[in-house]
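Trainee: With the sequences and hints as input, model every part of the structure.
2 protein chains.
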Amino acid sequence: MRIARYAREGQIHYGLVELEADGGPHPQTVADLTGDPLVGPVDLTGARHDLEQVRLLAPVLPRSKVVGLARNWAPEADPPGEDDFPEVFLKPNTSVIGPNDPIVVPRRGPNTVLEGEVAVVIGRICRQLPLQRVPEVVFGYTIANDVTMRDFLAPGGPWGLAKGFDASTPLGPWIVSHLTLAQAGQLELTTSLDADPVQHGSTAGLRWSIERQIAYLSQVMTLLPGDVVLTGTPPGSCRIAPGQVVTVLVEEIGRLANPVVAEV
Amino acid sequence: MRIARYAREGQIHYGLVELEADGGPHPQTVADLTGDPLVGPVDLTGARHDLEQVRLLAPVLPRSKVVGLARNWAPEADPPGEDDFPEVFLKPNTSVIGPNDPIVVPRRGPNTVLEGEVAVVIGRICRQLPLQRVPEVVFGYTIANDVTMRDFLAPGGPWGLAKGFDASTPLGPWIVSHLTLAQAGQLELTTSLDADPVQHGSTAGLRWSIERQIAYLSQVMTLLPGDVVLTGTPPGSCRIAPGQVVTVLVEEIGRLANPVVAEV
Numbered sequence: 001m002r003i004a005r006y007a008r009e010g011q012i013h014y015g016l017v018e019l020e021a022d023g024g025p026h027p028q029t030v031a032d033l034t035g036d037p038l039v040g041p042v043d044l045t046g047a048r049h050d051l052e053q054v055r056l057l058a059p060v061l062p063r064s065k066v067v068g069l070a071r072n073w074a075p076e077a078d079p080p081g082e083d084d085f086p087e088v089f090l091k092p093n094t095s096v097i098g099p100n101d102p103i104v105v106p107r108r109g110p111n112t113v114l115e116g117e118v119a120v121v122i123g124r125i126c127r128q129l130p131l132q133r134v135p136e137v138v139f140g141y142t143i144a145n146d147v148t149m150r151d152f153l154a155p156g157g158p159w160g161l162a163k164g165f166d167a168s169t170p171l172g173p174w175i176v177s178h179l180t181l182a183q184a185g186q187l188e189l190t191t192s193l194d195a196d197p198v199q200h201g202s203t204a205g206l207r208w209s210i211e212r213q214i215a216y217l218s219q220v221m222t223l224l225p226g227d228v229v230l231t232g233t234p235p236g237s238c239r240i241a242p243g244q245v246v247t248v249l250v251e252e253i254g255r256l257a258n259p260v261v262a263e264v
Numbered sequence: 001m002r003i004a005r006y007a008r009e010g011q012i013h014y015g016l017v018e019l020e021a022d023g024g025p026h027p028q029t030v031a032d033l034t035g036d037p038l039v040g041p042v043d044l045t046g047a048r049h050d051l052e053q054v055r056l057l058a059p060v061l062p063r064s065k066v067v068g069l070a071r072n073w074a075p076e077a078d079p080p081g082e083d084d085f086p087e088v089f090l091k092p093n094t095s096v097i098g099p100n101d102p103i104v105v106p107r108r109g110p111n112t113v114l115e116g117e118v119a120v121v122i123g124r125i126c127r128q129l130p131l132q133r134v135p136e137v138v139f140g141y142t143i144a145n146d147v148t149m150r151d152f153l154a155p156g157g158p159w160g161l162a163k164g165f166d167a168s169t170p171l172g173p174w175i176v177s178h179l180t181l182a183q184a185g186q187l188e189l190t191t192s193l194d195a196d197p198v199q200h201g202s203t204a205g206l207r208w209s210i211e212r213q214i215a216y217l218s219q220v221m222t223l224l225p226g227d228v229v230l231t232g233t234p235p236g237s238c239r240i241a242p243g244q245v246v247t248v249l250v251e252e253i254g255r256l257a258n259p260v261v262a263e264v
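Chains A and B are the protein sequences, given in the same order.
If you count the first sequence from 1, position 208 lands on 208 in the numbering used here, and the numbers rise without skipping.
If you count the second sequence from 1, position 151 lands on 151 in the numbering used here, and the numbers rise without skipping.
The hints are simulated quantities; they were obtained by calculation from the structure and are not laboratory data.
Note that this is a predicted model, so its numbers are computed, not measured.
Hints may contain errors.
As the list claims (entries may be wrong) - Derived, one-sided and incomplete: chain B residues facing chain A with beta-carbon distance under 10 Å:
#1 70
#2 161
#3 166
#4 227
To be verified - Residues from chain A shown here face chain B by an in silico Cβ test under 10 Å; the list is partial:
#5 90
#6 168
#7 217
Even for Gly, the Cβ is constructed at its ideal location relative to N, Cα and C.
Mentor: Rendered as structure tokens:
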């Protein structure tokens, strides 16, 4: 299923996105749900809307955290050993925006870059999770753009400003809940700046696989339903500027596009 | 006022901590409130309990973020200039524990250290806040221990694991809402490991003053009610080990004590 969060007539809803009847590539309707599927059981309300008639929002607003892995796209590297640890950073929920929402390049951060990623949405509280139980806690997958102010990556300093500023975490367009971990580990991703592809890779190139990321993180911190894990970005991250549009396309998930504007 | 969050008979309450009638130094009762003062107006319910009969919890569980400033205790340094920026890191709400809750030293982090701090609790949503309006958004002050796994501070790497692990952010014992910013900028802090004082300083030694921290952060990220800002730790941060007790004492606020245990 494709689970979307959307606004319509001033209300926020969750819904299932359905493909057009002829099996074409473009989802066209959203079937309204009775509540938030990350919080409890839901049912269809029976209402159905044209996808063009609603405003898609970030499919999840984490109650706790967005966790990201740095420098994790390394197809040629050995898999991590017993004593290795992933390079982990945090982004606050105040940085999350939805599809088509503007990425605001801060006045203080002219060297702001795009980072297209596959994101994992956690569905169940977990801690100290063995590798083989990771599938039980994955709610689904969505697309993220881990926008970063490189200006604030001082050597040896923390990354809170660089990664935590408002509108730096576009998420969407929806959560795909039907992929297996094996399928999620083989997704092709392409990030484009306007019409130009700038990043391309497959999640098969992640040094820390999705499965190992989730298991490792759960050794250190409790993961909660709605937490989001940014799995790593392929090479090609580049500067973005007001007036451009960043599009991250991931097969089996969809397309996340956001215009870039200047901070006023 | 001293605003506490506490558990009693399986329920979570907020309450006002009251000094004993003779004006002695030890608060003794808590007067129950109708709700969460960070969310909306509250009133006294009329119930009052002996402080020894309730379990104090972290006085706030942030819905969004804990933000901290690194290397910010520098009494001899010049105040930051126009182009300077504070060294900012994030901690997730899953790292927050309350007074007397155990700090769990991770198996993977034997070099885990204490960092006693004064913490600011934000009371109002804000963004792009001018310096002179900072007092309007400060709900109050509490004490924090920014426990850190130094093992995970790889050079040039992000600090997510080092600062984000479970039980790494003791907060409490309550929020003091009656201090002015000027008073908060003159607080003496002492951290002790068992009976030995290891850190001592005054918030007058913060390079980025509390006022400037909040104003700066609000330029970059939206601050929400319940967000917590860790203002910086004095010199003397040192390793902690299972069996020890860490106590952070801040004048005008109180005393935050937490035992240290090993991860099992």
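Trainee: Run every hint past the structure and note whether it holds.
Mentor: Verification of the supplied hints:
1. At a threshold of 10 Å, the smallest CB-CB gap from residue 70 of chain B to chain A is about 6 Å, leaving the interface hint in force.
2. Nearest Cβ of chain A to the Cβ of residue 161 of chain B: about 5 Å, under the 10 Å cut. The hint holds.
3. Hint status for residue 166 of chain B: holds, given a least beta-carbon distance of 6 Å to chain A, under 10 Å.
4. Nearest Cβ of chain A to the Cβ of residue 227 of chain B: about 8 Å, under the 10 Å cut. The hint holds.
5. Given the 10 Å rule on beta carbons, the hint for residue 90 of chain A holds: about 4 Å separates it from the nearest Cβ of chain B.
6. Look at residue 168 of chain A: its Cβ gets to within about 9 Å of chain B, closer than 10 Å, so that hint holds up.
7. The interface hint given for residue 217 of chain A holds, since its Cβ lies 9 Å from the closest Cβ of chain B, which is under the 10 Å cut-off.
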